[in-house]
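Line by line, the protein sequences give chains Z and C.
Its first residue numbered 146, the first sequence is counted upward by one per residue in our numbering.
Its first residue numbered 146, the second sequence is counted upward by one per residue in our numbering.
Calculated from the structure, these hints are not laboratory results.
In this text, all values refer to a predicted model and were calculated from it rather than measured experimentally.
Careful: at least some of the hints might be erroneous.
Identical chains blur together in the list; that is why a pair holds if it fits in one copy or across any two.
Think about it this way: if two alpha-carbon atoms lie no more than 20 angstroms apart in a straight line, the pair counts; the simulated DMTMM-like pairs of lysine to aspartate or glutamate are [what the hints assert, rightly or not]:
{"no.": "1", "residue 1": "Lys-235", "residue 2": "Glu-289"}
{"no.": "2", "residue 1": "Lys-197", "residue 2": "Glu-289"}
{"no.": "3", "residue 1": "Lys-255", "residue 2": "Glu-245"}
{"no.": "4", "residue 1": "Lys-197", "residue 2": "Glu-158"}
{"no.": "5", "residue 1": "Lys-470", "residue 2": "Glu-529"}
{"no.": "6", "residue 1": "Lys-235", "residue 2": "Asp-540"}
{"no.": "7", "residue 1": "Lys-359", "residue 2": "Glu-339"}
{"no.": "8", "residue 1": "Lys-359", "residue 2": "Asp-400"}
{"no.": "9", "residue 1": "Lys-359", "residue 2": "Glu-158"}
{"no.": "10", "residue 1": "Lys-197", "residue 2": "Glu-364"}
2 protein chains.
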Amino acid sequence: MSHTVEILSVGTELLLGSIVNSDAQALSRELSSLGLNVLYHSVVGDNPGRLKAAVELARSRADVIVTTGGLGPTCDDLTKQTLAECFGRKLVFHPECAREIKCFFARMGKEMTENNLQQAYLPEGCHILDNAWGTAPGCAFEAEGTYVVMLPGPPRECLPMFRERALPWLARLSEGVIRSRTLRVFGMGESAVESLLRERMNELTNPTLAPYAKEGEMELRITAKAGTTEEADALIAPVEAEVRALLGELVYGADVSGLPQVVLEAARERGLTLGTAESCTGGLIAKLITDVPGAASVFKGGVVSYHCEVKAGVLGVSQALLDEKGAVCAQVAGEMAQGARRALGCDLAVSVTGVAGPDPDEWGNPVGLVYTALAAPGGCWVKELHLAGTGGRRDRIRTLAANHALDMARRWLSGLDPAAEKR
Amino acid sequence: MSHTVEILSVGTELLLGSIVNSDAQALSRELSSLGLNVLYHSVVGDNPGRLKAAVELARSRADVIVTTGGLGPTCDDLTKQTLAECFGRKLVFHPECAREIKCFFARMGKEMTENNLQQAYLPEGCHILDNAWGTAPGCAFEAEGTYVVMLPGPPRECLPMFRERALPWLARLSEGVIRSRTLRVFGMGESAVESLLRERMNELTNPTLAPYAKEGEMELRITAKAGTTEEADALIAPVEAEVRALLGELVYGADVSGLPQVVLEAARERGLTLGTAESCTGGLIAKLITDVPGAASVFKGGVVSYHCEVKAGVLGVSQALLDEKGAVCAQVAGEMAQGARRALGCDLAVSVTGVAGPDPDEWGNPVGLVYTALAAPGGCWVKELHLAGTGGRRDRIRTLAANHALDMARRWLSGLDPAAEKR
């Protein structure tokens, strides 16, 4: 039988809108793929009466309560006290936690104030969740059939704590092991992918197949529950094969962070270097590539040629061509990519030129008209895109354009046609 | 007396973690600055029984209920039916809404399927909230002392609907008008700003003064309630003056989107052009600048010189200097900025070179050591930053470095010392 979960977030800053509740999203995703059924999110402020009522309510309607926030050292931090009280437990001092907290401050080279030791008080008999990413430890316990997990609020503590510390403890709730594998898809709209797969998604129960739409691409997550890791993986494999057979080369990776990582790894393997030439994306592609740690071994650099002067001067795009056709055309995209290869001394270069909006350009090209190109050993390819139908927002057009450019490099590196016309 | 609010979000996709509840954050911020007291957020799935219980609960503990989601045309969309039922109202067909929906599809050049007309059924006697940003209209009504507002889920519909449609209706709950002004602060840590202002923030009731920490900078929002706009503005002015007197040149703008907008506007006013030379930020500064629509009139372009070859080849940084000192030093930052001015033909150029991590560079420079520079008519300035103490995450170091570089340009354009040593 599937367990039901409520995620209870504590913090007035959430109710004031100072921060977004990204913990609830990330934990929901993790808990769902464990096979647990998240039925409620709730948020209350740093108020003991309302928090207590919220805990009693959560207890009455879910059998797993995961709290985030309110574990810190200040008098606003009430989560532990309140939950301990609701479940009839005392808070007791845990010297091993106090040691960890002192070590954390020593590592950061900071002075520890005395109130930080408040964080070493935890409910009697609980399972301690060590916090290697901050100071406040979390904890977990079972009381009268309710499973309680308390995590700190800051996302960069909350998520690793959940994955590294809480997950092994929660594993008791799902018999056997849970494994998941995420396929990344680029080149087909989310509604098209969903309508292709909807029937299978509805049929499948173990493993499950769930889609997650992302800006300009899609994820398909396959999750299996089984007695052992090997059995779970054996359940996943045929579904992965089925999806790959259906979507073919649109699946660009499994368990990867995105197109930049895939392009960087494929180039690294083949000993090739990479560069960019960007107009309307304005540095976004270079930014996405250098978001990946270790990009320096492959990525040589980029040119953001926002003005035509820079296209001509730095990248060597023909001035006559720019004068005659303007900056947004297939030839300019091609010359930008080839110019970037030369100027940056790299093996592969991608380029983008187009109209991100909000207004058409001075040549009357419409918002959403974008050309992407790839210059590589053996040729130069150009793609013409019409991205206005996607809502026409500037940031979305730029993200899609960047992904299309990266996908051309990905396809060339995988031995596929980089797409469309070769010049 | 201050009204209490619950934001009730409806949608299984939130509970699966497919999307983050950004509506709840944005609405909380808006509602709080209206002087309303947001006490609860809750999320339930597309399940009539649980939704009904959630509505009854919200009604028992808040006097304003704002719902998001579940107004669409599919059978999963249950919000209107359920709330109408809870408050004893019938759903009735609103022909004027049906016309709007048909017009929307005509404008988008799309075929309208019949089920879209479901969206024209709204609770009897409600106030209709027209949706100019999508198809599902929202609505608002008062029933037995509870104020109900229903908004669509997609953030780019929900937020403009709230501001343009729901706010005027909710104004009845706060007598008079509400005005707010947001000051943006760069160059002092959030805890330092908060400790400087905490006492005043606690004292002030009208206007209120609230801090919002952002990645690498801060916002201070002043919100006043008064009989007229003029009276509200007159309440805000002295508090703004007080904050500006306290923080001085750290306040870089009021009601602006960020440093890039301020830099672009100041450069545009003075008829100057802008360029960038980036190493560890890898295109982020250029991306942030070109996020602003209309950047093209000022921003000529940028060079992402990730490899030393590109620093020397494209930007003309001295090879001897790179060989002797490596890429991360004050001189290289300065030569990059000066090289960008030359290569891009711009009046002002900012540059960044540093170690974003996760590992120290090959010369042994530690993670977080960053140099930013500004080359401008009349000189070149360099700043040395140590950003590791801020958690040491790669993305945070890059964001902070980008903001420091932009802030140097902002300061120069405002006639201030761009900071630190001149070379």
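| message | Hints numbered earlier in the text: which of these fail when held up against the supplied structure? | response | Hints 6, 10 are the ones this structure does not satisfy, whereas the remaining hints hold.
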